[in-house]
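Engineer: Sequence:
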Amino acid sequence: MSRNTKINALLLLVVAALAVLPLALGLGDHKEEPFAGADGEAETAITELHPDYEPWFSPLYEPPSGEIESGLFSLQAALGAGVLAYYFGLRRGRRQGAALAKAAEGKAVGAETAEVAEAKASPDGGGTGSGGTGSVTVDEPGA
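Using full-length UniProt numbering, the first residue of the sequence shown is number 1, and each one after it goes up by one.
Hints are computed from structural coordinates only; laboratory data are not their basis.
Mixed in with the good hints, there may be bad ones.
[Stated by the list, open to error] Quick list of the computed label-pair ranges, beta carbon to beta carbon: (1) A17 to R95: 33 to 43 Å; (2) A38 to A101: 45 to 55 Å; (3) A42 to P22: 35 to 45 Å; (4) T47 to K6: 26 to 36 Å; (5) A17 to T113: 53 to 63 Å.
We put the CB at the ideal spot given by N, CA and C, even for glycine.
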């Protein structure tokens, strides 16, 4: 097993432990809503500290139920993940395309160099190049 595979397996194990341990240890059992979001916790803390607090803004859209709110949040997370995956895939594709173009350019330059060397090596100073694809003429000084 390679080093990267071991690191990835360890990270996956840590993430799974972070997800399962709070549920297995019963953290939040003493609360009415054990795993409420930070917004709900903040609202509860503010109303306990300052009962006469008036919010500055009201939500633009109030979902009719918690399930719809959760579904919209999941949709938002999925769209964000899709945009990030597209961006990183596009970057990787461009990098791979540039590497392929550079490799093809290197092969083309190597082929041209071979044709010129072949032409110089021929007795008449000219040749047809590799595979007879064309004629390469080399001007030699004093010829």
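Engineer: Kindly confirm whether 26 to 36 Å is satisfied by the beta carbon distance between T47 and K6.
Structural biologist: 49 Å, violated
Engineer: Taking the beta carbons of A42 and P22, is their distance inside 35 to 45 Å?
Structural biologist: Given a distance of about 19 Å, which is not inside 35 to 45 Å, the answer is violated.
Engineer: Given a hint of 45 to 55 Å, does the C-beta separation of A38 and A101 actually sit inside it?
Structural biologist: Holds, at about 48 Å.
Engineer: Quick one: are A17 and R95 within 33 to 43 Å, going by C-beta?
Structural biologist: Given range 33 to 43 Å: holds, Cβ gap about 34 Å.
Engineer: Should the hint that A17 and T113 are 53 to 63 Å apart at their CB atoms be regarded as holding?
Structural biologist: Holds - the Cβ-Cβ distance for A17 and T113, about 58 Å, lies within 53 to 63 Å.
Hint compliance for this structure: hints 3 and 4 are not met, and every other hint is.
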